[in-house]
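Using the hints provided, position chain B relative to the given structure of chain A.
So you can see what is in the structure, the chains are spelled out below.
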Amino acid sequence: MNAPELNAFTGATRAAGVSHAHESARAQVEGAATYIDDIPEVRGTLHAAPVCSHAAHGILRGVDVSAALAVPGVRAVIDAGDIPGDTTLAAFALDEPVFALDTVQFVGQVIALVVADDVMTARRAARLVKLDIEPLDAVLSVHEAHALEHYVLPAVHVKRGDAQAALRRAPHQLEGRFEVGGQEHFYLEGQIAYVLPLEQNQWWVYTSTQHPGEVQHWVSHALGLSNHAVTVECRRMGGGFGGKETQAGHLAVWAAVAANKLRCPVKLRLDRDDDFMITGKRHPFAYHYRVGFDDTGLLCGLDLEMLANCGFSADLSGPVADRAIFHADNAYFLEDVAISSYRCRTNTQSHTAFRGFGGPQGVIVIERILSDIARTLGMEPLDVRLRNLYGIQERNVTHYQMKVEDNILEPLISQLALTSGYRERREQIAAWNANSPVIKKGLALTPVKFGISFTATLFNQGGALVHVYTDGSVQVNHGGTEMGQGLNTKVAQIVADELGVPFDRVLSTAADTSKVPNASATAASAGTDLNGRAAQFAARHVRDNLAAFVAGLDGVGAGSVQFEAGQVITDKSTRTFEDVVAAAYANRIQLWSDGFYRTPKIHYDKATLTGRPFYYFAYGAAVSEVAIDTLTGESRVLKVDILHDVGHSINPALDIGQIEGGFVQGMGWLTNEQLVWNEKGKLTTHAPSTYKIPATGDIPAHLKVDLWPEANREDNVHGSKAVGEPPFMLAISVFEALRDAVAQAGGQPKGMNAPGTAEEVLRAFD
Amino acid sequence: MLRRMKPKMSVQTLRFVRRGEPVTVHSVPADRTLLQVLREDLQLTAAKEGCGEGDCGACTVVIGEPTGGQLRYQAINSCIRLAHSVDGMVLWTAEDISGIVAPTLGAAASSMNKAIPALSSGLHPAQEAMVQCHGSQCGFCTPGFVMSLFALYQNTGGGQGVTRAQAQADLSGNLCRCTGYRPILDAAVAMGSLPLPAGCAVNEASTLAALKSIAPRQAEGAAYLRPRTLEALLQARARHPHAQVVAGCTDVGLWVTKQHRQFGQVLDVTATRELKRVETYPHHIAIGAAVTLEQAYTALVKERPQLQPFAKRFAGLPVRNSGTLGGNVANGSPIGDSMPLLIALGASVVLMRWDAKRQQVAHRELRLEDLYTGYRTNVMKADELLAWIKVPRPVVDEAMKVYKISKRFDDDISAVCLAIQMTCKNGLVKAVSIGAGGVAATPVRARQTEAALLGQPWTADTVMAAMATLRAEFQPISDMRASAHYRQTVLGNLLQRFWLESQGRTCINLESPATLEALA
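Chains as they are written, first to last, in the numbering used here: chain A, -5 to 760; chain B, 5 to 524.
Just so you know, these hints were derived from the structure itself, not from any lab. Backbone N, C-alpha and C define an ideal beta-carbon position, used for all residues, glycine too. Keep in mind that the hints are not guaranteed to be accurate.
Said to hold, decoys possible - No farther apart than 30 angstroms at their CA atoms in a straight line, the calculated lysine-lysine pairs in the BS3-like style are these:
hint : chain 1 : residue 1 : chain 2 : residue 2
1    : B       : K306      : B       : K216
2    : A       : K255      : A       : K124
3    : B       : K394      : A       : K255
4    : A       : K674      : B       : K262
5    : B       : K394      : B       : K306
6    : B       : K262      : A       : K124
7    : B       : K434      : B       : K306
8    : B       : K394      : B       : K434
9    : A       : K595      : A       : K397
10   : A       : K397      : A       : K600
11   : B       : K262      : A       : K676
What the hints assert, rightly or not - So, partial list: chain B residues that the calculated Cβ filter (under 10 angstroms) puts toward chain A:
hint : residue
12   : I409
13   : S410
14   : N513
Isolated chain A, as found in the complex:
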């Protein structure tokens, strides 16, 4: 349905704007695309397995490794005593030990590594390590942590106007409490690092990471070395979704400490269950809100408290919780508002980045509130949403004092409502439900307005290298990483167009800290914006060199030299790109260059969370129709229509892939994907047998995606917009449709928590 026509790119002269297949697609379908565990192992490679805490909180009194060491093939057990550098991980809050020292802080915390000749021996021996842990009280719930004031970081309060006064004045008030669960990334390729010693205490690290620069930083910090002694390479990840932004660093540090101790290559590939137990997830949130509104559904005041379950350490919880604040408005103008955000410390995995990065946990609040307001007033929810949208000339400043300048919400939502037949379907569904005692349908339209840029302004920089070889073939390298999103494909398209060469003449190469240094994480949806622009500039520098050279040959102005379809054209001549490159080389013209880009306009005050944290917003909206079974609570998503804004698409197929994939991942978060920790703090859903991401059968037959046709109003590469995260939040329409169905069936949707499992849906009828 959303497939661009087959072979769409045949005959196109420009690469961008065309649905090129992913640059690795052919290799992937043949099983020839290399992931870390596929790299042929260097002679002498050893394998590691983690020894994990079985207690949620306790004093680590002793570690008995004798039984493990007695296993044939076991080489060593590595722990904090083997760290030559700092025993604290170089995470920005400096609040995590590399290996647990005197206390353990969650079930799954890594205390040591067993290193053996093969991976199964290492894993088997790791379970023979005896841990003597004196239990301490564990804080497992976010409410308990809040009551005890256990925080990983100070609270943040954002205010505009006087929310309390506005609430008092408001004709209607609603109050509610609810919780939204976390989410396991479930990248298909689990966490892995492979560390090789080089000469002179230098190190090569293969890792599946979204942030090679940080891995380099962390590894050198732990080994007590300068950054330049460590090189980190990542050709591709088998999925990231935020889960390999910081979390990959842990693996690399552990493996590096072992490799350093044993002076040989060490590979650490986590078993899936260990990956679940050790690594952080999307932050679970709990909310308490009071909202005031008038008879027309217009929001008058909002007092919102958000409790983020951060786990045992800060990790990225600060910016995640900040982004939840930034997105608690979603598409709507909040005049008098007070938001308090608490970053609660619990004895669980340290929760981390996950697609949307707190944005979804912000958006879901206001969407839920608007649905509940509509139900309270007996109004159509879409009308309540339209009533509260940001304005164009007025009501256009966010609660963090950023003017919304590129607002396309009203036309976008209206168009989707029209093309999806939203209003007619509302009526049809009400009629259908009247005659269906067991199965009830629900429908919801929710929009998204997602701020694009790292909220930490300094990360909004990108670098690239473009190399043109003497045969005219091109390599591009940039600071971004490929996790399946198609960044390398888009960057190659951009470079191909800049040099006027066919797409397949440009090869994207592995992210490598020895090529582009100090690169930011590939995150915040900004991969193409930052690295694509940087690569464009790098290619432009080479093109300028070639243009000047050709201009000299032909006696024309350099600005008049055209690069197109593999040819270099002036008023006087047409040469092949290859001929020009060969001649330029012979004339000692530089055929490679760097490029650097930093996002303009952005700034904000970290203390007050005010300013312009985002360069622009990406918009979208979705209509979801669901059915629930009132006897069992089971549900199905029946029909989805999406209209999403990617600006001028560099690659429509890849963008649609991000939209559909993000939507389905969001649908999983809000339906079947339930993380369950038991009363001892142990995660009991630690494998795909118990943690259920969407499968083929969950995808509705009708899943229609349309792209908004307008270019980015800000100057961004090729007029495009970021796409990685925003569509994730479109799935909130599924949750609101579930709540609509519950309401239509006479249940109580107001108290429903996410995910809306069958049990949670049925609970609404208790």
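Showing chain B alone in chain A's frame:
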């Protein structure tokens, strides 16, 4: 190969056919998985380890076995399949099906000076369709999907007539976290219309010939025993009462990958000729212990077509292609889905052993619910094997339904499973049997509820009373799948669903594709 230092571990040679040629791997331990052999011993890294428990499908490979002079293609999970179980079979991974031999890392750079890369340069249609439909993003699940598609292609005469619904069902054991599946389902539907490049077609004649050249020869004293006959199997069991018995390994495989158990001696029932059959008798069908779940459910669905959606929800196809009904029953997991159904159907099991004194096969038969004594324990003796499952055939006027409640519809384990078989006469409940799963330490029969129904008029009042009985009959636990309260509530509600369906209500079960079509 200096891989592991385990002198005591018994090892033997494994042979299979790959790319039309026999492959021999020496010194393979009995408990080594197929994925370990592929990735670690043969450096064939197309198949990936995603979960190590057969739930994600990244490790999917296709095996071929001759049946009736033809090859039968089955997608299986290589991560939990013991390697020796494919001895004497054909094996394909994603690197084996294109017409191009040995793709190299530099392949992307090989199209020098060509403006447009050639589109159909040798990829198998299952691969080409995935490329053209943009079915791969991160690519880690892709080789597994390609293999499930390849099996589907081979089993549908070249992907002919593959519908979206069939693709959804056949691919439910393969997880993708990137795409949202739409492009992969498109590829499944599209692959049949793509040309089959030279070199991609499986040469069945030469493959069958190659298979003959490696016909398994069972060595006496081998660490991995796969007896060909029932007598040999039972004798082997008598000789090796401590051997780990395996069938499709879809449970035992996890004991290896997750519990790190090691088996010096394995006894595999799946090659036993007699036990690979489904036999039909006037009043029952008998399903051999080596019959795969896919084949067993096909037989059960043939008897009772209403079981079709339930059958498709049992794990994913790669697990159903390996696992056996006998294994599911013998393991007796409290949440195994077959048992509630079989209990309701009045199934019995035949246990067999080798009687050394009489030099003949001895057997006993018992009702399925009497097999279990507690959590994963049963009445089987050390020398006994579960050989047959006997399932009564439908009787006139029987109402038979099975309901499964799980977080995800496909490839999930029941929080609650309820199977009801009932016959009414003159408005009275004449016979009823009810099996339940997920509510006790073993799969159980709901005898109190049966008693509450038997002889009663089949009315709403009777159902209301029976619902209360059913809810009170068991004390389920709360766990990650559901709370005790939910399990009890839903158990009763499922009886209500059964009542409503008996009154002619349709479209009240979201499981069925027909309901979804009606709702759309």
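Cross-check of the supplied hints:
For the hint pairing K306 of chain B with K216 of chain B, the CA-to-CA distance comes to about 33 angstroms; that exceeds 30 angstroms, so the pair is violated. The suggested pairing of K255 of chain A with K124 of chain A holds, with an alpha-carbon distance near 22 angstroms, which does not exceed 30 angstroms. A threshold of 30 angstroms between alpha carbons decides the hint, and for K394 of chain B with K255 of chain A the separation of about 60 angstroms lies outside it, so the pair is violated. The suggested pairing of K674 of chain A with K262 of chain B holds, with an alpha-carbon distance near 22 angstroms, which does not exceed 30 angstroms.
A hinted pair counts as satisfied when its Cα atoms are at most 30 angstroms apart, and K394 of chain B with K306 of chain B qualifies at roughly 15 angstroms. Only pairs whose Cα atoms come within 30 angstroms are accepted, and K262 of chain B paired with K124 of chain A is accepted, the gap being roughly 19 angstroms. Between K434 of chain B and K306 of chain B the CA atoms are separated by roughly 25 angstroms; this keeps the pair inside 30 angstroms, and the hint holds. Taking the CA atoms of K394 of chain B and K434 of chain B, the gap is about 23 angstroms. The hint holds against a cut of 30 angstroms.
Between K595 of chain A and K397 of chain A the alpha-carbon distance is near 12 angstroms, which keeps this suggested pair within the 30 angstroms criterion. Distance hint between K397 of chain A and K600 of chain A is fulfilled; the C-alpha atoms sit about 18 angstroms from each other, no more than 30 angstroms. The suggested pairing of K262 of chain B with K676 of chain A holds, with an alpha-carbon distance near 17 angstroms, which does not exceed 30 angstroms. Hint status for I409 of chain B: holds, given a least beta-carbon distance of 6 angstroms to chain A, under 10 angstroms.
For S410 of chain B, the suggested interface contact is upheld, since its CB lies about 8 angstroms from the closest CB of chain A, less than 10 angstroms. Taking 10 angstroms as the C-beta contact cut-off toward chain A, the hint placing N513 of chain B at the interface holds, the least distance being around 7 angstroms.
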